[in-house]
Every structure is written in C-alpha cells, then in structure tokens.
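When you get a sec, could you build the whole thing from the sequences and use the hints?
Number of protein chains: 2
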Amino acid sequence: MRVKRNPSISNISPRYLFPEIQQQTHTFLQRHPQADLIDLGIGDTTLPLPSFVAQKMSEKAASLATTAGYQGYGPPQGSPELQKKIAEQLYHGCVDPEEIFISDGAKCDIGRLHYLFGPDTAIAVQDPAYPVYGETYLLSGKSLPIDLMPCLPENDFFPTLPPAADIIYFCSPNNPTGIAATKKQLEELIAFARDHDILIIFDAAYSCFIQDPQLPQSIYEIEEARHVAIEVGSFSKIAGFTGLRLGWTVVPKELRFHDGTPVAQDWKRIVSTCFNGASLLSQSGGIAVLEDHAFLEIQQLTDYYLKNGMLLKKAFCALGFETYGGENAPYVWVKLPEKTSWQGFHAFLEKTRIVSVPGSGFGPAGEGFLRFSSFANRSAVEKAVERLKSFSL
Amino acid sequence: MRVKRNPSISNISPRYLFPEIQQQTHTFLQRHPQADLIDLGIGDTTLPLPSFVAQKMSEKAASLATTAGYQGYGPPQGSPELQKKIAEQLYHGCVDPEEIFISDGAKCDIGRLHYLFGPDTAIAVQDPAYPVYGETYLLSGKSLPIDLMPCLPENDFFPTLPPAADIIYFCSPNNPTGIAATKKQLEELIAFARDHDILIIFDAAYSCFIQDPQLPQSIYEIEEARHVAIEVGSFSKIAGFTGLRLGWTVVPKELRFHDGTPVAQDWKRIVSTCFNGASLLSQSGGIAVLEDHAFLEIQQLTDYYLKNGMLLKKAFCALGFETYGGENAPYVWVKLPEKTSWQGFHAFLEKTRIVSVPGSGFGPAGEGFLRFSSFANRSAVEKAVERLKSFSL
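Residue numbers (this note's numbering), protein chains in the order written: chain A, 374 to 766; chain B, 374 to 766.
Treat the hints as calculated values from the structure; they're not laboratory data. Quick caveat, the model's predicted, so the values are computed rather than measured. One or more of the hints may lead you astray.
Since the list gives no way to pick one copy over another, a pair counts as held whenever it fits inside one copy or between any two copies.
Unchecked claim - Derived lysine-lysine pairs resembling DSBU-like cross-links, with alpha carbons at most 30 Å apart: (1) K557 <-> K377; (2) K708 <-> K557; (3) K687 <-> K515; (4) K556 <-> K377.
Laid out in structure tokens, this is it:
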C-alpha cells in the first residue's frame, strides 16, 4: 500500500513497557517452568469488589433485558448522576458536576487530551513518568522535543520547572516513585504555571492512597489551580475497576486557550466526536462506589494495599536499600546500588522469583531503580518478604 | 494560558451533528411543551437485550465480588475467547482471532485509527458519510483536503473512486443512505484499491441488517480484500449494545505500509498505548451474544428493526417521496423535493412531531435528504406512519 506509517511510531520503543516485562517473564518461565513467581510488576488490583458495588452492576445488567430498564447511548460526557457524585464525594463541591467528563479510564483520556492542542505544543514530563504521557504526545504527531524533569532523591523528587513548556504533566502520588507531593510543592507548581501561563495536566489516578491529611489529594485543593490545571482521575485503583474501565477528567470553566476559547468547549466537542461514553454498567458501578457506606468500605481495599506497601518497604529497608514511596502511594521505589534497572529486574527474578518493573522503563532518571507494586494478595507479599530476607544483589 | 488550540477544531462545525439535533428539538419543545415527539433521529437501539445475554453479564458482575471471579486488567487487544467467537460466528474462519482487536466501539476505533498514519495521508470519504471519519481525521492534525465521493441516486450510490487517495472510507450498509453495496461494487472497490495501492477502511457496523444473501456482510467476502482492507465492526446494532460500548477492528496480517511494516504491528502498539481494553462486563456480554442460540435470538431484534424500516419506507413511498434504504439497513433515506434538509427537518417536526436527521449533516451530497432511523419501538413507528398519512411538505 502507498499509505505511510505514522513517522512518530518509530520514535517510541517497539513495545509498550508492560508487554515487554511480560515477554521477559515469559522467557524466564520457559527456562524455569516450575518457578513460583510473585508478580509485583504491573499495578493491577487483585482484591474482589465490595459486594454492594458488584450487586448494583449485576442488577443493572439484569435490568437491560427489561423494557423499563433497557438503556442505549448515554451522554458522551457521562451520567449526570455520576458526575454529581464525583463532584460531591471526591471534590467536596470545589468542582462542578458539568466540569467532570466521565471516561473509560485515565489512560484513554490522557491519549485523547492531545486532540485539544496545536502541533507546536511543548510539553514537560516528570522523569521518571508513566510512559503514556510522552508516547501519546508523539503518536499524536506533535514533534517538539519532550522536556524531561528529573525527579530524584537529590531534589526530593520535586523537579526544576521549565519556563518554556506549554504544558507540564505532574502525577501525585507519583507513578512510579510513590512520592506524594506536599501542599507547598503543589503551590509552587501552580504559582509557576500562573506566572508563565502554563497548563498543568495533573494525574491524580492514585489519589485515594493519600492518607496523610497534610497532603493534597486533588490539585484543586490549591487555590488558583482552577485557572491552570486539568485533573485526570480514575476508578481503577480507588475501587479495583481496572478491568471495568472508568475514569474522569476535570476541565474547569476558568481554563482558556491563548485565543480566549474555553478549553471545556473544545473538550466537549472532542469527547462527543472521538468517544461515545463509558460503559453504562461501569458507570452504575461508579455511582455505587461513591455511596457513603460503599465509599467507607472501599477504604479497606486501599488500607490493604497500603499495608502491603509498608511490608515491602520494611523488607527493602532491612536489606539496606534506599527505598522511597510505599506510603500514601501503592508503589515502592527501590534504588539499586551500582546496577542498571534491567540487571536488577533479572537479579530479583532469578533469586527471588519476584517480578518488578525496571525504573528505566519510566525514563532515564529511573535508571538504577526498580518499582514494586503493592497491588497483590497479602499472602504473596508475605512470601515476597520471606524470600527477600536472604536476597543479595 | 499560552497553550494554543488545535487549529483543526475550527475547521469542524462547533457542534457534533447529534447534539445539534438535540438542541433544535429542545428549542422546539420549549415552544411546544405538550408535543408528543417521535424520535427517529439518532440511531439508538430501543429493544431490551435477550435475557440470556443480560443474565451472563449480571453473573459476571456478581462474580467480581468473589476471589475466584475477580478480574483486573485484561489484554488490551481483548479477551481471546471473544476474539475466537467473532472469528467463528461472524467471519466463519476467514479472519484469524489474533487479527481481531476488541474495542469500546466502532466510533472510538475510527478515531484511534488515525494514529496509524503519517501527516500527509490523503483520505476520501463517501458523501454523505458518518461525520466521524472526516472530523477525527481533522482533529488528528492531518491537513490534506478530504476528497468527498458523492453517492447519489444518479450513480446508484456507488461513487467514482479517486486514484489519488491513500485511504478510502467505505460504509456498507451505508449510514446514512441505507444502501448496501453489491458484491460487484465491492469487487470493483477492492480491485481499484489493489491497482492503486490504496487502503480501504470498511465500516461494517450495520452488517447484521443485511438479509439478502447476495449482498456481502463483510469486505473479506471479497477475495483479495485481506491485502487492502481494515474492517471496523460493532456490537451496538447487532445486539443493542450502544450503551455497553463494544466493537472490534480487523487488521489482516497481509496489510503492510509503504515501507513494508505490518500494519497490525503498529496497531497493536497503539492499542496498548492509548487504550486499555473494553470493559470486561461488555466483553462477557459479547461472548454471550455469539453463542449459537443467543445469536439466533438476536436475529429477532434485527428483524424487528427491519420491519420498522419497511413500514416507514412504505409510508414515504405512499406520500410520493423518492425513498432509499430501509431494507438490509436500519435507515430510510428520503429525498425532499425542493427543500433543504433543515427545512425538511423542521417541516416534519412541526407537522408530524417526528425527529429526523438532516442529510446535509452528513455532507454536501446529503443536502435535500432526510434520514429516518428504524431503531424505535413498533408503536412509535406505527404512530409515525399514521401521522405521515396526512403529511405534505
């Protein structure tokens, strides 16, 4: 055929990070078919849903066989009831329901957001960062070099902010480092964005893991953020919805492009053109999650994963590793002395049968680190802790 | 903020077609609050799901509260069981399961497909056509003029094909004209594509409405199509899944870009970067739909809508309108003598309280036509037929 590839696709690695890890693990299993692996790699939830939430979705599904219960297309922006519940339960009213756009997950919306911006948009991302920010930027055909903002122990994981960026991506609690930004840091971020007319895309997919009341769960806890920030949220980790596909994006009314056009106006147009709403069953589940009593119950899921993180963190500290995250976040970020990330990945796989994620997969500043996920069953985490006791690199 | 709008967004109309119709209908209702509207506008399904399908999804939802039944992320490409069932039940083995990529709907995949291609890709679309092809092309930042291929009664709704296009979009049964292409026409399309190294993106979202065994339901019924065609499919209309969000895209192994790269390789990378799989509940519903006995049962839904189409078509013919489609397709395409589409839209709304879709919303060659949808309850269609008896423009 005469049609040409998207030239940007050759600028991203041939495989997305997680399929790459699966492939490496698969190869290991071929050599060691009996190996009893413990998967602390991809951040996938493992605990069952609260019965109330599953029950609500189950009833909704059954009702689709009845004339009264059947529903077709919903509004592309999502169920008004769900928008309202998110505004109340998660934003305590500091965001209006109509500023919330329901999605089929944060990842999908992070991809779609590029449709908002012109081709000469300069972005800056934390380094290390969730690969999807930069990869979808490239896939969308934008071509300016991406400004990487190193986040390291040396700078308390808070980067030097680049005045030349049009958009800064910021994730807190951070994937992969597990670091939750302080209020002061986020105030600095917002003040910087206001001073330089920069848009912040704030990824709050892990906000439910923040337990310390001093740490903001949403960027909108910072005054002035409504003038400069879009926030992306997700039900995946709050409620174990990874397979159900439900998230949202907040676009405050105050946000305006350079020419004065409201960002929400274009986002609405994009969402109704490229998307057709999240599955109505997932949305009914999301509504159930945000009922007061269910919302209390799901806190137990979060607590469970946080305890996993604490156990893992302790184990790595006991081995003498510099260890970050693991509290207020579902990831433990471990520094390897004098090893590359992939060397570390293979060492843990060989010696403990634990699958991790090489930090270098998240950017150059992730080199020499490994990410361990707290999303596992307790018995697996306890077994991992046991095996780690006799580990040495 | 300094960030600039996507300049292409000003090249598409400020509102997507269906929200525009909603707005017009809303304004009408404000003037006539008592009006008993019959909605034959947006093609949204109205019949309940078969109990077996709803039951399967209901059980799956309930099982998510159990340790054994809980599932997190699935493969981005979709459930292997669903891929296999689609290959068997819908493609009778002429497509391999791994060539099928499960999506959250045809619309969403039509948007994502642009990520595959370089910025200088020239596309041609049928005129009239589903607005999403062209609008997502523009949003994706590609900027060559879109070649419109008029499809009119004069050319039997089969256009002159443009040799300069890199990609031709073709939809059969067609939305909005309701015309299903003949085998001979599709052979001509594929031969043309082979001769000129053009890629066909074939939209088969309405294929289940084809009852005439002479008419192809899939482009892959044409020999050689595997070398030039991607096919986009949907559960929305087969099974009333509009609100559940489930579809698929077939990318045959034979398809290669100009530089020899397999298209499926890039599509796999894109799907795992910008998407995270369709909701597992919708996928379990899709599997249920394709069980032999359920698949027989859902044929009754299709028959029901086809009968609606026939009743509407008869009514318009009786009024002396030139009328197309309405068989082998869920849309009736009515030519208005000496009126614009929007004039016709308002005339039907004022005089019969029937909501239609102005043909001009699908492209310039749709001007002077109206689309009426067969997706309605029979009682509504019968009432519409009654009201039409005394209608005159």
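Here is what the structure says about each hint:
no. : hint          : result
1   : K557 <-> K377 : between (48 Å within a copy, 29 Å between copies)
2   : K708 <-> K557 : within (26 Å within a copy, 65 Å between copies)
3   : K687 <-> K515 : neither (43 Å within a copy, 52 Å between copies)
4   : K556 <-> K377 : between (47 Å within a copy, 29 Å between copies)
The structure shown violates just one earlier hint, number 3.
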